[in-house]
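Its first residue numbered 3, the sequence shown is counted upward by one per residue in my numbering.
Hint data in this document are derived by calculation from the structure and do not stem from the laboratory. Among the clues, some could well be false.
Here are the simulated DSS-like pairs of lysine-lysine, each with C-alpha atoms no more than 30 Å apart in a straight line [as the list claims (entries may be wrong)]:
1) Lys-248 to Lys-209
2) Lys-231 to Lys-331
3) Lys-29 to Lys-248
4) Lys-331 to Lys-230
5) Lys-195 to Lys-248
6) Lys-393 to Lys-331
7) Lys-248 to Lys-175
8) Lys-55 to Lys-230
9) Lys-58 to Lys-113
10) Lys-195 to Lys-13
11) Lys-331 to Lys-342
12) Lys-110 to Lys-195
13) Lys-171 to Lys-21
14) Lys-209 to Lys-230
15) Lys-393 to Lys-342
16) Lys-29 to Lys-58
17) Lys-81 to Lys-13
18) Lys-58 to Lys-231
19) Lys-209 to Lys-175
20) Lys-110 to Lys-81
21) Lys-55 to Lys-81
22) Lys-234 to Lys-81
23) Lys-29 to Lys-331
24) Lys-113 to Lys-81
25) Lys-102 to Lys-81
26) Lys-29 to Lys-231
These numbers come from a predicted model, not from an experiment.
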Amino acid sequence: MILRVEGVSVKLGSAEILKNVTFHAEKGELITILGPNGSGKTTLLRTIFGILKPLKGVVYLERDSLGYLPQETADTNLKVIEIVLLGRTRDFGAIKIPKKQDYEIAIKALKEVGVEHLANRIFSELSGGEKQKVLIARLLAQQPEILLLDEPTAHLDISAQIEIMSLLKELAKNKVVIVAMHDINLALSFANKVMMMNGGEIRYAGKPSEVVSEESIREVFGIEVIVKKHGKIYVIPKTKVAQNRKWVHVICGGGSGRALIEMLGERGYRVSAGVVNVLDSDWEAIQEINGIAIEEAPFSEIGEESFRRNLEAIANANAVVLANLAIGKGNFKNLICALKSAEMGKLIVVNSTPFADRNFCGEEAERIYREILKKAIVVENEEGALDAIQKLLHR
């Protein structure tokens, strides 16, 4: 056990920021601390590092080998290599001049994070992601066994966020890495342990699959969400919408139904969509309006079970819309579902682009689509689909 925190409480002024916090950390763990603003995440990191002294309780370290990266770091016109060498200052000796060994350690740290080619660049000229990698290299130059990072992905684009978290996960193989974060889904994608804080207390701690639920998110963050588990865990906020008694099912995928799903949600319809792959943008859209998703695993072909459930939703819906989606082997069964709904007299087809441009299943798909067009209401766009739904439901 490298780190053990036992019964730690911290007061700042008259306010008790941490209350009886207890946990331990082992080598190989990437731990994310989740919680709303003011929950005590930063205070906990600062206390472990020794910046703040506990009112009571103890922080036990196997060895005094900590590195800490605060949330905000000042910009500077120093070179990258000079930034990383700042992590070696405690080892410089009385003269305070870096030795050959310090340069070697600094270069090695830059290589570990993949930015050794930036060694002579000016720090202030780097991108946000590059700066964070350099700052992590500065931590590594201290040769710590425990890395403490406060919001290391804040203000970065999604690509840079994933790069930084992937890097931290790799570093955690031989160290303890503890990261305070706001982004729940990003944390769950990389952490093997989660601590959820609120009011200065750890409310939940353990593997993501054990502690992240709709109930725990509600308790810690005070929000209503949907928690989905498909290999990993995904959290989607619920949106409250007024419900219309009329049910519209959208056959879509690949983002083809997102705009229509959002429009239907705004107008208060009961909305379902399928078959859609989990994490597809249409899947996200249906989650956001608290609709019903007939779902299949990410990047998977539509299976018999999801095909059956899609047919059931079509049978129960008052109207069905076939979005302007591309048809391939993976979602060919959606085209069959559309034909079934056309035969029921409840299908509206959004035909924005020629089917030949989005047909990747050859003549059989072309034949089915021609049959669909004969029996369905055909419109050119989502606004046309809304008008057609209104007329269909009130005829």
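Status of the hints after comparison with the structure:
{"no.": "1", "hint": "Lys-248 to Lys-209", "result": "violated (41 Å)"}
{"no.": "2", "hint": "Lys-231 to Lys-331", "result": "holds (25 Å)"}
{"no.": "3", "hint": "Lys-29 to Lys-248", "result": "violated (55 Å)"}
{"no.": "4", "hint": "Lys-331 to Lys-230", "result": "holds (26 Å)"}
{"no.": "5", "hint": "Lys-195 to Lys-248", "result": "violated (43 Å)"}
{"no.": "6", "hint": "Lys-393 to Lys-331", "result": "violated (33 Å)"}
{"no.": "7", "hint": "Lys-248 to Lys-175", "result": "violated (53 Å)"}
{"no.": "8", "hint": "Lys-55 to Lys-230", "result": "violated (40 Å)"}
{"no.": "9", "hint": "Lys-58 to Lys-113", "result": "violated (41 Å)"}
{"no.": "10", "hint": "Lys-195 to Lys-13", "result": "holds (27 Å)"}
{"no.": "11", "hint": "Lys-331 to Lys-342", "result": "holds (18 Å)"}
{"no.": "12", "hint": "Lys-110 to Lys-195", "result": "holds (28 Å)"}
{"no.": "13", "hint": "Lys-171 to Lys-21", "result": "holds (29 Å)"}
{"no.": "14", "hint": "Lys-209 to Lys-230", "result": "holds (15 Å)"}
{"no.": "15", "hint": "Lys-393 to Lys-342", "result": "holds (20 Å)"}
{"no.": "16", "hint": "Lys-29 to Lys-58", "result": "holds (26 Å)"}
{"no.": "17", "hint": "Lys-81 to Lys-13", "result": "violated (39 Å)"}
{"no.": "18", "hint": "Lys-58 to Lys-231", "result": "violated (39 Å)"}
{"no.": "19", "hint": "Lys-209 to Lys-175", "result": "holds (16 Å)"}
{"no.": "20", "hint": "Lys-110 to Lys-81", "result": "holds (16 Å)"}
{"no.": "21", "hint": "Lys-55 to Lys-81", "result": "violated (34 Å)"}
{"no.": "22", "hint": "Lys-234 to Lys-81", "result": "violated (40 Å)"}
{"no.": "23", "hint": "Lys-29 to Lys-331", "result": "violated (45 Å)"}
{"no.": "24", "hint": "Lys-113 to Lys-81", "result": "holds (16 Å)"}
{"no.": "25", "hint": "Lys-102 to Lys-81", "result": "holds (17 Å)"}
{"no.": "26", "hint": "Lys-29 to Lys-231", "result": "holds (27 Å)"}
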